[in-house]
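Asker: Residues per chain, in single letters:
Number of protein chains: 2
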Amino acid sequence: MDVIITADIGGTQIRVAVYPANGIKPLRQKRIPTKGKDPAHVRLTGLIAELMHPDENALAIAAAAPGPTDPKLGLVLNAPNIPGWTNLPLAQMLHDQFHLPVYLGNDANVAALGEWRFGAGKGHHDLIYFTISTGIGGGVISDDRLLLGQRGLATELGHVTVDPNGPVCGCGHRGHIEAFSSGTAIARFVAGQLAQGRASTLTAIPQPNAHDVSVAADAGDELAIEALERAGKYMGIAIANYLHIFNPSIVVLGGGVSHSGGHFFIPMRQSLKESVFSPGYLENLTLTTAELGDDMGLLGALALAQTYLNIS
Amino acid sequence: MDVIITADIGGTQIRVAVYPANGIKPLRQKRIPTKGKDPAHVRLTGLIAELMHPDENALAIAAAAPGPTDPKLGLVLNAPNIPGWTNLPLAQMLHDQFHLPVYLGNDANVAALGEWRFGAGKGHHDLIYFTISTGIGGGVISDDRLLLGQRGLATELGHVTVDPNGPVCGCGHRGHIEAFSSGTAIARFVAGQLAQGRASTLTAIPQPNAHDVSVAADAGDELAIEALERAGKYMGIAIANYLHIFNPSIVVLGGGVSHSGGHFFIPMRQSLKESVFSPGYLENLTLTTAELGDDMGLLGALALAQTYLNIS
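Line by line, the protein sequences are chains A and B.
If you read the first sequence in the numbering used here, its first letter stands for residue 1, the second for the next number, and so on.
If you read the second sequence in the numbering used here, its first letter stands for residue 1, the second for the next number, and so on.
The set of hints was computed from the structure by calculation and includes no laboratory data.
Because the structure is a prediction, the values reported are computed rather than measured.
Do not take every clue at face value.
Pairs involving identical chains hold if they fit within one copy or between any two copies, as the list cannot separate such chains.
With a cut-off of at most 30 Å between alpha-carbon atoms, the simulated BS3-like pairs for lysine-lysine come out as follows [said to hold, decoys possible]:
id : residue 1 : residue 2
1  : Lys35     : Lys25
2  : Lys25     : Lys72
3  : Lys273    : Lys72
4  : Lys30     : Lys72
5  : Lys72     : Lys122
6  : Lys25     : Lys122
7  : Lys122    : Lys30
8  : Lys273    : Lys122
9  : Lys72     : Lys35
Looking at chain A on its own, in the form it has when it is part of the complex (with noise of 0.2 Å):
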């Protein structure tokens, strides 16, 4: 039996799992913590030996690694979660000791790949997928294919610019979409307006993140709403600019913050219909939020081993 591998390798967890190389039910999976003992990648290979069979007929290994990755070059740039891990040729490791094809992409990338071939964006030629979490990452299908770049540095959707004198993004540049829309940036806004003074029930809670955030406005806290309703405008902003350039068919939220509710959509939904600029940007679009859940990982390495082996 062909089969492809899929690794989602995150922080906090590596997880693998092995697929039917024409299917989208694993035949197994496991998932070990990503730090132990041994260095993430030891772990991450062993892993894959331990769910390798020999009966079957692996075709490739693909991966979905945290942070900026070249995918042409198989380099982990940079996953700021795992030590060591910056300009790790690890798709040479992997073909080096399994002797297969290996594919890598960073998680975002992998992800829209995943919804596009699986999910939300089934059948969609141009989808853009946003995930919103920590930070806001991103990728672009158009025409039916996923939008890299020279290096396979595009699509950082999160790092774009949509007030120079905004608050400070964690990549330290002002301003970007990330420092307004990310869970951090509703976390910190809280945060800033807790530390002047603001009531809010809110303040029965040390540090509190964005969920905490979304359960208060729930709630009716005005404070809360008012985060969220912040958050959701700006990233309507973004996402008409979005528009603008790749002139979606559909757009897909994923991550922690896309489970926030109306207080987010409500005004992502009203500044986006204000910000396009002409309403054929509107027209067959889908605005929706991602289906694949928390197999988004392994099932994105999967689209990305079948897309590249061309099975369909």
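Keeping the supplied structure of chain A fixed, place chain B upon it in accordance with the hints.
Answerer: Below, chain B without anything else, positioned relative to chain A:
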């Protein structure tokens, strides 16, 4: 002899040229004013008919249209300077008359194709082209393909928000890069400063345009220098955003403002460098001006036809 008929349709003039199918030197060409006794589409078809030759085998007609087009349906959606050209089925009209394949693109997209195939971008796989003139338009080649989006409305690179509190754009929305760095924006900034009583040699010119500002800057006028520096600074921010989005190996600048020299380019390069969030985006990056000059529309249309016809 196999030939390709190309047309460059502008608000002021219509140009038509006949090229050898695999060449870039026109066999013959002619230009006429866009406005005349007959409607523009009649003038266009008349000029094509005049330049076609019965001894030649025309493979296709390719046209660059001003303003948004739907290249898939062959529609000119809106050509602001040509009366009646709204949702005009130009490709169908030309096909009905000449019984040839017709390829249509907006002027900025077609220019991007031309620069990529014949001009500054030869040999690159990932290119961004900006035209900075009255407005700001753009075109993107990603992995050797023109980025179009679902309806061909992608890469409206002038209409992205760089400051939600910025000046109003020609499209009516606030803070687009076009509202900071286009020729119109430069002239408007100067007009605003002059109205506030600012001293400048430009007071001698009624309604100075961006070219006047550029000339004054070269002569040392402080207001003119400030106007170009401001435009350049914001353009640098926008280009950095687009590097994060597309990770190209070359950025090509065309349009009148791209001739403004160091008063525009030095601050642009400076803010670009400051705004890029990872040095990888500047590696192997060429930043240059367009090469095709006045023939960009005709050569771009030729590139469009050759691309569709798989002529290399």
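Asker: Of the numbered hints stated previously, which ones are contradicted by the structure, given in increasing order?
Answerer: Hint check: nothing fails, all pass.
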